[in-house]
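Undergrad: Residue numbers (the numbering used here), protein chains in the order written: chain A, -18 to 117; chain B, -14 to 225.
Since the hints were made in silico from the structure, they are not lab data. The structure presented is a predicted model; accordingly, all values stated were derived computationally and were not measured. Keep in mind that a hint or two might mislead.
Which residues of chain B face chain A? A partial, calculated answer using Cβ under 10 Å [to be verified]:
{"hint": "1", "residue": "D62"}
{"hint": "2", "residue": "C144"}
{"hint": "3", "residue": "H145"}
{"hint": "4", "residue": "M187"}
Looking from chain A toward chain B, a few residues come up when the C-beta cut is under 10 Å (computed) [unchecked claim]:
{"hint": "5", "residue": "V(-1)"}
{"hint": "6", "residue": "I20"}
{"hint": "7", "residue": "L30"}
{"hint": "8", "residue": "C32"}
{"hint": "9", "residue": "E39"}
{"hint": "10", "residue": "F42"}
{"hint": "11", "residue": "A55"}
{"hint": "12", "residue": "L57"}
{"hint": "13", "residue": "T58"}
{"hint": "14", "residue": "R70"}
{"hint": "15", "residue": "L72"}
{"hint": "16", "residue": "P79"}
{"hint": "17", "residue": "V88"}
{"hint": "18", "residue": "G91"}
{"hint": "19", "residue": "T98"}
Beta-carbon label-pair distances, calculated as ranges [said to hold, decoys possible]:
{"hint": "20", "chain 1": "A", "residue 1": "A(-5)", "chain 2": "B", "residue 2": "L109", "range": "56 to 64 Å"}
{"hint": "21", "chain 1": "B", "residue 1": "A31", "chain 2": "A", "residue 2": "N73", "range": "31 to 39 Å"}
{"hint": "22", "chain 1": "B", "residue 1": "C45", "chain 2": "A", "residue 2": "E39", "range": "53 to 61 Å"}
{"hint": "23", "chain 1": "A", "residue 1": "N73", "chain 2": "B", "residue 2": "D120", "range": "42 to 50 Å"}
{"hint": "24", "chain 1": "A", "residue 1": "A(-5)", "chain 2": "B", "residue 2": "E132", "range": "36 to 44 Å"}
{"hint": "25", "chain 1": "A", "residue 1": "A(-6)", "chain 2": "B", "residue 2": "P110", "range": "49 to 57 Å"}
{"hint": "26", "chain 1": "A", "residue 1": "G52", "chain 2": "B", "residue 2": "D120", "range": "20 to 28 Å"}
{"hint": "27", "chain 1": "A", "residue 1": "N73", "chain 2": "B", "residue 2": "S156", "range": "20 to 28 Å"}
{"hint": "28", "chain 1": "B", "residue 1": "E132", "chain 2": "A", "residue 2": "R92", "range": "30 to 38 Å"}
Even glycine gets a Cβ: it sits at the ideal position worked out from N, Cα and C.
Here is how the chains run, residue by residue.
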Amino acid sequence: LLLWAAPVLAQPAAFQVVGDTIPASLTGTPGDAARGRAIVTTRQRGLCLLCHSGPFPEEPFQGDLAPSLAGAGARLTKGQLRLRLVDGRRLNPATLMPAYYSTEGLVRVGRAWQGRTVLSAEEIEDVVAFLVTLQE
Amino acid sequence: MRRFATLALALLALGAGPRSGFETMTPELQAMQRDDFANPGMLWVAEGEALFQRQGCTGCHTPAQMVGVAARYPVFDAGRDGPIDLAGRIAQCREQRQGAAPLPTESPEALALAAYVANQSRGLPLAPDPDPRLDPARRQGEALFRERRGQLNLSCAQCHDDNAGRRLAGSAIPEGHANGYPLYRLEWQGLGSLRRRLRSCMVGVRSEPFPPDAPEYLALEAYLAMRARGLVVETPAIRP
Ligand code: HEC
Ligand code: HEC
Ligand code: HEC
Chain A
-18 LLLWAAPVLA QPAAFQVVGD TIPASLTGTP GDAARGRAIV TTRQRGLCLL CHSGPFPEEP
42 FQGDLAPSLA GAGARLTKGQ LRLRLVDGRR LNPATLMPAY YSTEGLVRVG RAWQGRTVLS
102 AEEIEDVVAF LVTLQE
Chain B
-14 MRRFATLALA LLALGAGPRS GFETMTPELQ AMQRDDFANP GMLWVAEGEA LFQRQGCTGC
46 HTPAQMVGVA ARYPVFDAGR DGPIDLAGRI AQCREQRQGA APLPTESPEA LALAAYVANQ
106 SRGLPLAPDP DPRLDPARRQ GEALFRERRG QLNLSCAQCH DDNAGRRLAG SAIPEGHANG
166 YPLYRLEWQG LGSLRRRLRS CMVGVRSEPF PPDAPEYLAL EAYLAMRARG LVVETPAIRP
């Protein structure tokens, strides 16, 4: 069990890692799967399809640097998905996947992005809610 | 240098050298690059040829002296005690040897002159300056190439060494070689410099690009030249 405190920059909020999961919602409330789907498929929001492919027939351009998101909700629990989004470096320090809810350990972040996480806590919860629906 | 040697040996063992971004382009774009009448970059080369005359470069240089220059750059410049690239050399000739007003970096005139000079080396293999005084810059360049940066926390190497040939959404990731610059990018709808490319890749990972005249660019350029050793100069290349 590991307790991680937020940096002075106010965000991101503190959360608890248990094993390879973050069991509790970052916001205390469940996310919205429809909003999560929009984040995942929007190039400028989630950026997920730069690297991943998935069951998104309307998206002609999908990446192949990472495993398909198809079936992610069957392979991983909510808590496991949450930690992989928040900061996958805790499981694989060399991971290619950006930490979507961390401002730590980054070099020369662009001025417009400094002190900001890629996604907000609400957005992380929306994406988690969507990923659990990907059962096959 | 040990690392370069090991890399070269590893590539020899695999029977593969560096692959130009040209190789992964569609046959249509390859044909466009090969055909001087279809290649829009040749307009800049022609403009550069005229400028070479008009701006007095021919007072000191013949076009034949420009053959092979781009294949060797960046080189060590004693006056600066560090690397100088082709664009830097041309600017230096204008300002210090001709006493002319500097051409704004990456202005159409500066790009045209660089395209003309580099085009004189088209088809020649990159043969980087062996001067060991460039080694510190090359080492710095390699470190920068491997350093993860930006909000997305990605290094050049993660895309161009580890994932070259894969697709980043719609784009094929090239090995990231600098053998075609200045080049015509369809996305830019114009000729662009290597620095512009490097800035785009930096901004793409949401990192703060280095300021325009930062030594980091020269370091990266010196490393990229060594990394692409043996590929032929393609200027003016076409890229998507
Ligand atoms: C720059 C590349 C990149 C981006 C962008 C990216 N990922 Fe990943 N992702 C990976 C890689 C690579 C892995 C494989 C695990 C590893 O390397 O640590 C992965 C793993 C995952 C996993 C675990 C998959 C499994 O089956 O184990 C999930 C879920 C996931 N990503 C979801 C997302 C979502 C959702 C987004 C966008 C909000 C996203 N990823 C953005 C590269 C990326
Ligand atoms: C997230 C992936 C990614 C990262 C990180 C990245 N690049 Fe690129 N790079 C690309 C893609 C994709 C292209 C091809 C451009 C296109 O078609 O959109 C490219 C193109 C290039 C080219 C031009 C290759 C050619 O054939 O003309 C060079 C040189 C280059 N990158 C160098 C770098 C350097 C140096 C860095 C680090 C400072 C870097 N890149 C970081 C994805 C990346
Ligand atoms: C007054 C003389 C003079 C003029 C005019 C001049 N140059 Fe030069 N140029 C030189 C000298 C001297 C060098 C060698 C510098 C060195 O190696 O330190 C040089 C070097 C170069 C090189 C590198 C050659 C090599 O083998 O490394 C290029 C490229 C070049 N000049 C381009 C130009 C262009 C383009 C112009 C016009 C805008 C121009 N020069 C005008 C004197 C001149």
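Undergrad: Would the stated hint for T58/A survive a check requiring a Cβ distance to chain B of less than 10 Å?
TA: 25 Å, violated
Undergrad: Can we keep the V88/A interface hint, with Cβ of chain B closer than 10 Å?
TA: 5 Å, holds
Undergrad: Classify the hint on L30/A as holds or violated, based on whether any CB of chain B lies nearer than 10 Å to its CB.
TA: At about 6 Å, which falls below the 10 Å cut-off, the nearest Cβ of chain B leaves the hint on L30/A intact, so it holds.
Undergrad: Does L72/A hold up as a contact with chain B if the rule is Cβ-Cβ below 10 Å?
TA: 15 Å, violated
Undergrad: Hint check: is the beta carbon of V(-1)/A less than 10 Å from a beta carbon of chain B?
TA: This interface hint is violated because 24 Å lies over the 10 Å limit.
Undergrad: Tell me if the beta carbons of A(-6)/A and P110/B are separated by a distance inside 49 to 57 Å.
TA: 55 Å, holds
Undergrad: Verify the interface restraint on H145/B: the C-beta must sit less than 10 Å from at least one C-beta of chain A.
TA: At 12 Å from the nearest chain A Cβ, H145/B fails the 10 Å test, so the hint is violated.
Undergrad: Taking the least C-beta to C-beta distance, is R70/A closer than 10 Å to chain B?
TA: 8 Å, holds
Undergrad: May I ask you to test the interface hint for G91/A with respect to chain B, counting a Cβ-Cβ separation under 10 Å as satisfied?
TA: 5 Å, holds
Undergrad: Would the hint on D62/B stand, with a C-beta cut-off of 10 Å toward chain A?
TA: 27 Å, violated
Undergrad: I want to verify a distance hint. Is the separation of the beta carbons of A(-5)/A and E132/B within 36 to 44 Å?
TA: Violated: the Cβ-Cβ distance is about 29 Å, outside 36 to 44 Å.
Undergrad: Go ahead and decide if the range 20 to 28 Å is satisfied by the Cβ distance of G52/A to D120/B.
TA: Since G52/A and D120/B have Cβ atoms about 49 Å apart, the given range 20 to 28 Å is violated.
The structure fails to meet hints 1, 3, 5, 6, 9, 11, 12, 13, 15, 21, 23, 24, 26 and 28 from the earlier list, while all remaining hints are met.
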